[in-house]
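Novice: Single-letter residue listing:
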Amino acid sequence: MARAVTTQRKAINTTLAWAIGLLIFFPILWTILTSFKTEAQAIANPPIFIGFDWTLENYSIVQERSNYMRFLWNSVIIAGGSTILGIIIAVPAAWSMAFVPSKRTKDILLWMLSTKMLPAVGVLYPIYLLFIQLGLLDSRIGLVIVMMLINLPIIVWMLYTYFREIPGEILEAARMDGASLREELLYVLTPMAIPGIASTILLNFILAWNEAFWTLNLTAVDAAPLTAFIASYSSPEGLFFAKLSAASTMAIAPILILGWFSQKQLVRGLTFGAVK
Amino acid sequence: MATQHSRSAARLMMAPAVVLLLGWMLVPLTMTLYFSFKNYLPLRGGDLGWAGFDNYVRFVSSSAFWPAVQTTLVIVGGVLLITVVLGILLAMLLDQPMWGQGVVRILVIAPFFVMPTVSALVWKNMFMDPVNGLFAHLWRFFGAEPVSWLSDASLSSIIMIVSWQWLPFATLILLTAIQSLDSEQLEAAEMDGAPALARFTNIILPHLGRAITIVILIQTIFLLSIFAEIFVTTGGAFGTRTLTYLIFQRVLESQNVGLGSAGGVYAIILANIVAIFLMRIVGKNLDA
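These protein sequence lines map, in sequence, to chains A and B. FYI, in our numbering the residues of the first sequence are 27 to 302. FYI, in our numbering the residues of the second sequence are 15 to 302.
These are computed hints drawn from the structure, not numbers from a lab. All residues carry an ideal CB built from backbone N, CA and C; glycine is no exception. Be a bit skeptical, because a hint or two may be false.
[To be verified] Listed next, the in silico DSSO-like pairs over lysine-lysine satisfying Cα-Cα at most 30 Å (straight line): (1) B:298 with A:36; (2) A:142 with B:298; (3) A:36 with A:290; (4) A:132 with A:142; (5) A:129 with B:298.
[Unchecked claim] Distance windows between CB atoms, simulated: (6) A:290 with B:166: 37 to 43 Å; (7) B:58 with A:159: 17 to 23 Å; (8) A:208 with B:18: 16 to 22 Å; (9) A:199 with B:224: 33 to 39 Å; (10) A:96 with B:44: 33 to 39 Å; (11) B:71 with A:129: 55 to 61 Å; (12) A:258 with B:44: 54 to 60 Å; (13) B:22 with A:283: 42 to 48 Å; (14) A:37 with B:266: 20 to 26 Å; (15) A:213 with B:224: 34 to 40 Å; (16) A:202 with B:283: 27 to 33 Å; (17) B:117 with A:193: 20 to 26 Å; (18) A:90 with B:145: 26 to 32 Å.
Turn these sequences into a full structure, and let the hints guide you.
Specialist: Structure (structure tokens):
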């Protein structure tokens, strides 16, 4: 028997949940609204919610003054490049662990996970020094590599949990029918694995986009992504709330949209499959 | 059946990931260990020879150490308490039937996708600014004196910012766990006349036990190394210097690499203690 829910109770739930949801979302909403105000309206007391003169000038000022597009492009390259590189390295590894498991598979998986637990600050100087000596400091390629390495354990784990859900019998059947390893990968496994791979790409792109330890410490000017660009607003001059809001809105908008698609994968990816 | 051929192929496919992660772990770790036993000041004479355990002793006996430990514990503990308690309540609410559930869920999860530098700066300026922030406006509206949040209530302010970022994570995981609860069990308890509180402590809370543990462990690992939130708000001033931030300052700001590396080794040991518990749970789940 399904639980009977009175309309009244449902209405109370709805009101309460929406109120809390809007409260939690409010800082983001306020940032988006402020980005369309003039600087004077942005700090007006009492605050203006909707009834202001909507303007796009903050967006053009941010772009003109700081060459916003370059930071955006760096973010895209670093997050995108590290994710693609990570997938290329992780797919074969996760495939072999899921379908040809050995006694050591579990240990290897747990060990990979343990590298993710290494506190970044504990290896800050060595990485900094290596970057200087290899000429990688403030370079995109350097950050792509570091970002790929810090997210590789999560990529392998997520792919592993997805691959493990693909029934092994299907692969055996393909093998019986004389499929080569290459054909098995290409025509049998890949189509079944695409949803899992897509979710993994999505989550890791988000994590890399928002990463703010290495991007702040290993970049200066050339390779600085949006995290570092926004941090430059921490010592501002004059009125800047509206411009800060415009820059922030542009930095978070793509990820909010991607994040909306990745809600379900978020749980699996960030708990290493321990909660599904 | 895995053949000999496919086994060696499997090993080959695993090799790049294993080798890269091994290098990523061993090379910097060895270097940190090496530097931690050195008097190494890149800007003031460079390598000044071996230091034995001096750096380890000096790091824990410096006047900044215990306050940093305390700050770290207060921030991690405060954020954990807020996110877990509110996360349970919020997850239970979101599990109830309502209109527009999907939209509410997106509103609640959204903060998790905001990059740390953005959330820290938005809170610092647009909400906590003592002159033009929304809180200042609100305080004045009620006739109170606006608070200089990040200097006078610095720790609570940082806890609040970080909790806002992590509440979605706790809520989402706890919601996933609640949804896997057998609703018939709850209905039976309700029909038998068990009050709401008893249903919560006897059925819901035990069921959430594992998810809560996972939330606590994963968050602890991430919270121990929060950086950007402090970097752009207080820069470690006003009693907000955590262990992570202290090490960062030793290594990059004052370029005392030996001392900072010894601190780094402490941080690694600390993180590993937490990690061992997390790995046990994850490992058990692998067998299942």
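Novice: Does each hint hold? Answer for all of them.
Specialist: Hint by hint, here is what the structure shows:
| no. | hint | in the structure |
| --- | --- | --- |
| 1 | B:298 with A:36 | violated, 39 Å |
| 2 | A:142 with B:298 | holds, 19 Å |
| 3 | A:36 with A:290 | holds, 25 Å |
| 4 | A:132 with A:142 | holds, 16 Å |
| 5 | A:129 with B:298 | holds, 15 Å |
| 6 | A:290 with B:166: 37 to 43 Å | holds, 42 Å |
| 7 | B:58 with A:159: 17 to 23 Å | holds, 20 Å |
| 8 | A:208 with B:18: 16 to 22 Å | holds, 18 Å |
| 9 | A:199 with B:224: 33 to 39 Å | holds, 36 Å |
| 10 | A:96 with B:44: 33 to 39 Å | holds, 36 Å |
| 11 | B:71 with A:129: 55 to 61 Å | violated, 43 Å |
| 12 | A:258 with B:44: 54 to 60 Å | violated, 34 Å |
| 13 | B:22 with A:283: 42 to 48 Å | holds, 44 Å |
| 14 | A:37 with B:266: 20 to 26 Å | violated, 55 Å |
| 15 | A:213 with B:224: 34 to 40 Å | holds, 39 Å |
| 16 | A:202 with B:283: 27 to 33 Å | violated, 51 Å |
| 17 | B:117 with A:193: 20 to 26 Å | violated, 36 Å |
| 18 | A:90 with B:145: 26 to 32 Å | holds, 27 Å |
When each numbered hint is compared with the structure, violations occur for hints 1, 11, 12, 14, 16, 17.
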